[in-house]
Amino acid sequence: MGRKAISIFAFLTVFCLATPMMAQDEHADHSNDSTHSAVVDSHSEAHHASDASAHEEGEEEFNAAEVIMHHIADSHEFHAWGEGENGFTLPLPIILWTDAGLVTFLSSEFHHDDAAHHVVEKKSQRFVKYHDKIYYASETANEHGAYVSYDEEHHPTNIKPLDFSITKNVFSMLLSVVLILLIMIPAGSSYKKNGGIPKGVAGFIEPLVLFVRDDIARPNIGEERYKKFLPYLLTVFFFIWLNNLIGLVPVFPFSSNLTGNIAVTFTLAFMTLLITNFSANKGYWKHIFLPHVPLWLYPIMIPVEVIGILSKPFALMIRLFANISAGHIIILSLTALIFIFKSLWISPVSVFFVLFMNFIELLVAALQAYIFTLLSALFIGLAHVEEEHH
Amino acid sequence: MGTITGIAAIGAGLAVIGAGMGIGRIGGSAMDAIARQPEAASKIQTNMIIAAALVEGAALFAVVVSLLVA
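In order, the protein sequence lines correspond to chains A and B. Reminder that position 197 of the first sequence reads as 197 in our numbering, one-by-one numbering, no gaps. Reminder that position 19 of the second sequence reads as 409 in our numbering, one-by-one numbering, no gaps.
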């Protein structure tokens with residue numbers, strides 16, 4: 001007891017108080033800076049106008065849903081801390097394939113504009129950024145000063161160039177690849193150095209690899225075939241796990257929501273779909289197109305089985321996406337409580353629940369990587385139907 | 391707009407009821423099983439977590455649909 005308990009208590013108190021203090025600083029900065037509403041990214045121009053009038057009164061409406069969606073979305077710049085000129089934002093390269101060929105520039109050329117107000121001209125083409133999408137700019141600005149035209153639902157009708165930019169998520173993915181290589185290559189080469197005995201980082205990695213091999217691949221795919229699929233399963237397991245963990249770290253080079261992005265989970269699930277179907281044997285296809293049922297049931301059975309091919313990876317995609325996104329939304333909502341109540345005293349509650357959710361998310365991060373790998377292995381195993389079962 | 395958001399919220403709530411019942415049953419059965427066979431506790435726990443994650447996945451489908459609508 002004694003000193004240790006006191007130091008833990010002091011740490012928690014400082015932590016609880018520091019969070020809203022910093023938040024209030026940010027708030028103050030924000031209200032001074034009426035041109036850059038980067039945190040509360042206004043959706044419509046009408047909202048923008050009310051925002052501006054709210055600024056003049058020194059009081060600002062906090063829209064939790066918009067802030068949360070802004071934080072879990074992909075972005076062309078990596079916001080680290082602060083607001084506007086006082087903050088730090090890492091500009092990321094924008095790579096476009098346009099009518100005049102390849103166009104590259106840094107996202108800082110948009111000057112944090114996200115409402116199509118600032119036009120960037122390259123190769124005699126004009127671009128604007130609107131809600132983190134790049135459009136060809138209109139000739140003239142509309143009545144709100146934005147170089148886009150809208151349809152009835154307030155979506156821009158401008159044409160988009162093909163966008164291959166290194167966005168926040170792509171940056172995070174490359175970072176995770178570097179991290180995985182930095183962990184795995186020394187782990188692998190240490191076996192050669194130490195004569196097959198795991199030492200150092202290999203001692204940490206080996207149980208995980210053995211877990212994937214003995215508890216996921218071997219029982220689900222089968223003794224004879226599992227070795228062929230082990231590289232894929234291990235890659236997917238470590239990639240998803242590491243990126244889930246990166247998403248939980250709230251400070252600058254991490255914090256992106258990669259595995260909570262539907263495009264990323266789609267790609268992962270699509271790879272499982274390809275591997276499942278290309279490694280399938282005759283029995284699997286026979287099961288789908290010539291099932292052992294009366295002939296009149298074929299018009300029902302075959303479509304159902306064909307949908308079954310697609311629905312399994314579809315479920316994989318949605319499960320990972322929804323679990324990670326939901327986790328981020330819950331943590332951000334709990335943080336947003338401080339701003340909704342505008343009180344210092346709500347912060348200990350908020351910080352406690354955020355901490356609690358973070359621990360659950362640590363479990364979920366590993367669990368979702370495990371589930372994705374397990375189900376991939378299961379589908380691969382199921383696609384190899386033995387003939388004698390019929 | 392307001393009605394649709396409200397209905398979406400009700401949908402999310404219904405999904406939570408379903409997931410709660412599902413995870414509750416899984417947890418209850420796992421407790422029964424562990425009480426009967428304490429030596430198999432770790433195996434039962436792993437399978438319990440897998441099943442719970444699968445149920446949670448189904449609930450999150452509903453949450454995603456609600457999010458898309460609202």
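If you're looking for bench data, these hints aren't it; they were derived computationally from the structure. Predicted model, so just to flag it, every value in this text is computed and none were measured. Even for Gly, the Cβ is constructed at its ideal location relative to N, Cα and C. Some clues are possibly wrong.
[To be verified] Here are some of the chain B residues that sit facing chain A, going by a computed Cβ distance under 7 Å: (1) A443; (2) L450; (3) F451; (4) A452; (5) V455.
We went through each hint and held it up to the structure:
Because the closest C-beta pair between A443(B) and chain A is about 5 Å apart, less than 7 Å, the hint holds. Annotation: interface hint on L450(B) holds; nearest CB of chain A at approximately 3 Å, less than 7 Å. Evaluation of the F451(B) hint against chain A yields a held restraint, the C-beta minimum of about 6 Å falling below 7 Å. Evaluation of the A452(B) hint against chain A yields a violated restraint, the C-beta minimum of about 9 Å exceeding 7 Å.
Restraint check, V455(B) versus chain A: the minimum CB separation of about 10 Å is more than 7 Å; hint violated.
Comparing the model with each earlier hint shows violations of hints 4, 5; every other hint is respected.
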